[in-house]
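Participant: Chains as they are written, first to last, in this note's numbering: chain C, 12 to 247; chain V, 12 to 247; chain D, 12 to 247; chain Y, 12 to 247; chain S, 12 to 247; chain A, 12 to 247.
If you are wondering where the hints come from, they were derived from the structure by calculation, not from laboratory data. Be aware that one or more of the hints could be misleading.
Copies of one chain are not kept apart here, so a pair can be met inside one copy or by any two copies together.
Claimed, not checked - As a list, the in silico DSSO-like pairs of lysine-lysine whose alpha-carbon atoms are at most 30 Å apart: (1) Lys18 <-> Lys33; (2) Lys222 <-> Lys18; (3) Lys117 <-> Lys222; (4) Lys207 <-> Lys234; (5) Lys207 <-> Lys33; (6) Lys154 <-> Lys26; (7) Lys29 <-> Lys222; (8) Lys153 <-> Lys18; (9) Lys29 <-> Lys63; (10) Lys57 <-> Lys26; (11) Lys57 <-> Lys67; (12) Lys18 <-> Lys66.
There are 6 protein chains.
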Amino acid sequence: MRPDGRKNDELRPIKIEKNFIKNADGSVLIELGNTRVICTASIENKVPPFLKDQKKGWITAEYGMLPRSTPVRMLRESTSGRVGGRTHEIQRLIGRTLRAVVDLEKLGERTIWIDCDVIEADGGTRTASITGGYIALVEAVKKAMNAGMITENPIKDSIAAISVGIVLGEPRLDLCYAEDSQAEVDMNIVMTGSGKFIEIQGTAEIYPFSKENLLQLLSLAEKGIREIIRVINNLD
Amino acid sequence: MRPDGRKNDELRPIKIEKNFIKNADGSVLIELGNTRVICTASIENKVPPFLKDQKKGWITAEYGMLPRSTPVRMLRESTSGRVGGRTHEIQRLIGRTLRAVVDLEKLGERTIWIDCDVIEADGGTRTASITGGYIALVEAVKKAMNAGMITENPIKDSIAAISVGIVLGEPRLDLCYAEDSQAEVDMNIVMTGSGKFIEIQGTAEIYPFSKENLLQLLSLAEKGIREIIRVINNLD
Amino acid sequence: MRPDGRKNDELRPIKIEKNFIKNADGSVLIELGNTRVICTASIENKVPPFLKDQKKGWITAEYGMLPRSTPVRMLRESTSGRVGGRTHEIQRLIGRTLRAVVDLEKLGERTIWIDCDVIEADGGTRTASITGGYIALVEAVKKAMNAGMITENPIKDSIAAISVGIVLGEPRLDLCYAEDSQAEVDMNIVMTGSGKFIEIQGTAEIYPFSKENLLQLLSLAEKGIREIIRVINNLD
Amino acid sequence: MRPDGRKNDELRPIKIEKNFIKNADGSVLIELGNTRVICTASIENKVPPFLKDQKKGWITAEYGMLPRSTPVRMLRESTSGRVGGRTHEIQRLIGRTLRAVVDLEKLGERTIWIDCDVIEADGGTRTASITGGYIALVEAVKKAMNAGMITENPIKDSIAAISVGIVLGEPRLDLCYAEDSQAEVDMNIVMTGSGKFIEIQGTAEIYPFSKENLLQLLSLAEKGIREIIRVINNLD
Amino acid sequence: MRPDGRKNDELRPIKIEKNFIKNADGSVLIELGNTRVICTASIENKVPPFLKDQKKGWITAEYGMLPRSTPVRMLRESTSGRVGGRTHEIQRLIGRTLRAVVDLEKLGERTIWIDCDVIEADGGTRTASITGGYIALVEAVKKAMNAGMITENPIKDSIAAISVGIVLGEPRLDLCYAEDSQAEVDMNIVMTGSGKFIEIQGTAEIYPFSKENLLQLLSLAEKGIREIIRVINNLD
Amino acid sequence: MRPDGRKNDELRPIKIEKNFIKNADGSVLIELGNTRVICTASIENKVPPFLKDQKKGWITAEYGMLPRSTPVRMLRESTSGRVGGRTHEIQRLIGRTLRAVVDLEKLGERTIWIDCDVIEADGGTRTASITGGYIALVEAVKKAMNAGMITENPIKDSIAAISVGIVLGEPRLDLCYAEDSQAEVDMNIVMTGSGKFIEIQGTAEIYPFSKENLLQLLSLAEKGIREIIRVINNLD
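Use the sequences and the hints to build the structure in full.
Facilitator: If you want it as structure tokens, here you go:
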């Protein structure tokens with residue numbers, strides 16, 4: 012049985028509070044069970060040097076964890092003076108997947124910064140950040156369209172992300188930290204509202220997995236992502 | 012008149028939500044008007060090297076701002092690779108003032124980390140961090156006493172902090188950002204519940220100030236701090 | 012047609028020169044077409060702090076590129092003072108996948124460092140590094156067993172890695188840089204000699220992909236990896 | 012009694028050697044007892060980015076300590092690769108207080124860099140740096156006026172700084188290191204020649220202090236600063 | 012007798028493989044006994060800021076060692092986040108000596124980057140880097156002249172470098188690591204093809220040396236450099 | 012003619028003020044013409060890790076320049092966060108040459124730190140640092156012997172250093188900055204009181220030099236160093 016009594020194909024309760032940070036162009040506090048992430052979107056009227064004069068925009072993400080988002084206090088990355096490898100990996104993933112559903116030309120020469128700051132961590136912080144980042148992005152785009160900065164909606168599809176894995180030999184949806192840390196196989200999946208894949212990252216943590224395992228996990232992820240997309244679509 | 016219609020000796024509305032971060036030993040979300048800070052306290056069973064074998068504890072603070080806590084997105088300090096001068100100054104202030112009301116010997120050979128993370132900034136973030144940090148500290152000490160880690164209460168007095176300043180020639184209590192940025196004189200005061208000073212930091216931003224100005228500002232601060240202490244004492 | 016005239020399911024020529032760096036415990040110069048990577052394995056008789064007293068070993072990897080491994084000279088990471096996000100991501104991938112085929116307890120309290128330094132880059136440097144890192148690892152383990160440092164072979168299975176992708180609508184095996192940079196979908200696959208998955212990383216670069224696309228790419232990767240494993244098995 | 016036999020309201024001997032560094036636009040070696048600081052002023056014909064096109068100048072300060080300015084050799088900050096929190100705090104203080112007596116518009120689009128390097132430290136290095144920095148600044152301004160770079164004198168008032176504190180229950184002026192390290196209350200005061208306050212920084216090191224204590228310390232500081240200003244006015 | 016049986020005035024076998032890195036403008040794998048260095052030359056069409064608008068070019072060098080170029084694995088400089096003192100010293104030496112034989116005005120406003128990466132180290136890596144860097148530089152200049160980028164040959168003379176030293180009281184040519192680490196006197200000499208000195212760096216490692224010792228070592232170095240220049244001149 | 016009217020074989024006026032920094036174990040302010048360096052020696056009762064349990068001591072040096080030691084203000088290395096290549100090179104040189112005249116076993120398990128801080132720079136700062144560092148070292152050793160920390164004098168010989176060079180075709184002794192910056196050949200020589208070489212660093216800045224040039228420069232340096240040694244021997 013799962014630590015919190017869920018069925019293997021059941022998500023943790025989702026709670027989404029939009030407009031959590033008034034200063035931001037778009038923002039959300041997203042909660043999946045005990046995992047809580049503040050996501051903001053910030054529009055900047057310039058693009059990074061490598062996009063200069065290409066008449067298109069950019070979306071980039073940064074990810075952080077408050078020192079006491081974890082059961083044992085973590086060292087602050089600003090104090091250590093280095094952004095760690097895991098952080099780099101996660102922020103590249105968030106930026107890349109969000110860019111996949113945005114028409115960067117319609118964005119114009121603008122950068123949208125997505126900041127995902129984990130205030131409590133209980134597994135699945137990177138997938139919650141993608142989902143929350145998407146919601147904040149949509150809010151910021153709406154605001155920019157209302158202000159006439161952007162004329163055509165650059166967002167091509169909705170997206171959401173979830174983790175799946177094999178724990179004690181069972182394929183399970185939406186792993187909490189206790190499951191994640193003992194998973195035999197661990198996978199993060201990002202999909203569009205239209206049911207296609209944006210990103211698959213599957214890792215054999217304890218033993219290699221078969222194609223059959225892979226297909227089971229993909230089905231679980233599809234189910235979970237469909238449910239999250241439904242929640243997003245029903246927000247105000 | 013003040014930007015938000017307050018009287019010169021009036022605080023902004025205070026809201027304090029304790030136990031905001033479940034993982035922490037003590038935590039609070041403190042709000043003064045639009046300024047919002049998450050404060051956590053974390054107990055670690057060791058002391059920094061310079062206190063080795065002195066049979067006493069330590070309290071240290073770290074302060075950060077989420078990138079979009081401000082109207083214009085700030086660079087993340089972990090990204091710049093350096094903790095800035097202002098951050099250093101603030102975290103030294105928080106740690107020093109909290110240590111002033113704690114009997115470090117009663118704490119035993121432990122460090123309490125106070126993390127203050129600003130999620131929205133509208134002036135007074137350092138004083139809100141001291142007040143919030145104190146509340147989180149008290150919660151953590153209670154928890155440690157309940158667990159039998161600490162036998163005698165090491166907290167000697169309550170403390171709270173507020174900013175005051177001279178704006179457009181008028182002494183004012185609890186400056187919001189719009190006032191702070193045009194203040195002629197700017198002062199941060201930390202006092203105990205018993206009415207004594209822990210820290211006075213007064214700066215002539217535009218013109219030097221007289222002893223009379225100083226005394227007016229101290230009176231305003233005393234009034235504000237008394238009110239905040241009353242709110243803290245009435246929490247659950 | 013592919014830039015180098017290959018068929019879509021055809022690997023680039025592989026060349027493997029073992030014992031390329033005499034000082035190392037195991038080493039190889041691996042070439043896939045114009046991609047060339049020096050991989051070394053170094054045995055150190057201690058483990059990282061987090062494994063202290065757990066009676067098991069560790070495998071960790073570092074990855075670098077010579078400044079002129081690329082058509083345009085790159086900034087040296089030692090000069091920039093920071094290991095970049097892409098580098099972090101790759102070295103975490105190499106370490107994780109190699110650990111997946113090693114019984115760390117049989118290794119004893121030792122760390123094996125795998126260093127992968129790209130001397131020429133033409134796509135697929137991370138998968139070549141995994142394959143080359145595996146060969147260097149095997150050499151180092153042999154040497155340690157001959158020296159009596161290790162008594163039982165800790166390597167549980169062989170592994171190899173390859174990239175696949177969709178380019179101009181066609182699923183292709185082993186992308187060179189010209190293909191990789193215009194791929195619609197890009198995937199790195201790591202598999203064992205026994206045909207199971209260690210890692211799947213698939214990314215929609217230009218458009219989301221379907222489950223059918225995924226299955227085609229996995230088949231291509233399986234074919235390529237089987238061929239590489241055969242080459243490895245036939246070395247000396 | 013005080014360690015060096017002074018009365019509680021007595022300054023240590025002051026020695027000021029102007030033009031100590033020939034290369035600088037203004038320079039001084041200032042000594043207060045055993046505390047010795049080299050201060051230089053350097054005029055640069057540009058302003059920091061945030062002042063661009065505002066038709067005014069800037070004054071900024073940097074502070075350092077030679078490794079053997081202290082009884083036990085300190086680590087060099089260039090070696091540690093980080094400017095510490097205390098250094099940041101002090102250099103911000105020096106810059107801010109000097110700017111308070113300068114009309115930045117009369118300075119024109121120039122930056123004056125004040126460098127304060129402690130060659131021997133025996134308490135009061137930050138206040139000696141402010142006083143010495145002011146003298147170097149005046150020299151540099153004179154030189155710039157003689158050269159016709161600046162037409163109207165931008166310096167509005169003289170300034171000096173001193174530390175005061177409560178030691179063994181007694182309010183004392185100009186603490187040496189032995190006193191500073193055991194002070195119950197510690198205060199740094201910066202005042203103008205016209206008797207007004209530029210900065211007050213008071214800290215309860217051992218116990219909170221009353222308003223009465225504060226007023227005693229302010230009177231001591233006023234007396235000391237008046238004496239220092241007199242010395243400055245009598246130079247050459 | 013010498014560890015490898017050479018006579019005191021005998022070089023180790025030299026092997027030079029030009030065009031080792033296809034991507035580079037010029038490249039070489041140079042081997043002196045067991046010391047092996049990859050040198051590349053990269054032409055960039057701009058100059059460093061300090062040469063702006065001076066109508067001349069620049070040559071600069073960077074030096075690195077693969078982590079397992081040494082018998083015991085070294086920490087990667089990118090990982091430590093700092094380029095060490097020895098590396099700085101060597102890359103300044105390489106750049107300075109190569110510039111001494113180049114007419115920077117004939118180069119035009121271009122920078123040539125010389126990268127020297129040691130893949131195996133057995134003494135003399137800095138002198139091998141100078142010799143190899145020179146060969147790569149010549150190749151890059153030829154390529155630039157063929158492409159019409161440069162019209163007149165900027166290279167004024169050939170250069171080569173070698174180490175000499177006093178070991179067990181005997182002056183010896185081309186020290187291997189075992190000799191270098193016990194040398195009483197250690198000297199690196201860079202000379203032109205026309206027999207003049209570019210750089211002499213002699214260090215008393217164990218005891219001070221006389222002018223007579225110096226002259227013996229210079230003669231040995233002259234002999235060795237003449238032989239290396241002959242090898243270079245005979246390359247295809 | 013030389014900028015300051017000296018003859019080609021004439022030193023600039025030397026001034027040596029011992030015990031300049033009271034806190035240090037040994038200290039000196041050394042001046043050669045307008046070049047002024049504060050050198051201190053600090054004894055620490057431990058050795059670096061690589062000398063652990065070898066029953067011998069170590070001497071290491073650090074070198075810095077005050078920001079306004081130069082005609083145009085330099086960036087502070089602590090601010091840039093990096094110790095530059097030139098600084099690294101110089102401090103390695105100072106440490107190496109001082110170690111050459113000290114019997115490290117007689118020093119016992121101690122480190123002597125030599126800090127050389129340039130307060131005004133007019134050429135020859137590295138050679139002045141070696142000479143000044145030697146004087147500070149001698150003072151510190153005397154103090155340690157008086158205190159009974161060291162029983163036998165570990166200093167085997169005196170040492171001094173000077174720069175020489177070819178300027179406008181003429182060999183000259185003790186170059187000032189104006190000469191150094193236009194020198195055709197530039198050489199730094201370190202010798203013992205007994206007339207032997209510790210270090211020779213000669214660089215062709217504009218054209219390669221002959222053995223005859225070398226011998227002329229060595230003679231000039233010998234003359235200068237003999238004179239400096241005489242000054243040192245005549246101090247109190």
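Participant: Need the list of violated hint numbers for this structure, in ascending order.
Facilitator: Violated: hints 5, 7, 8, 9, 10, 12.
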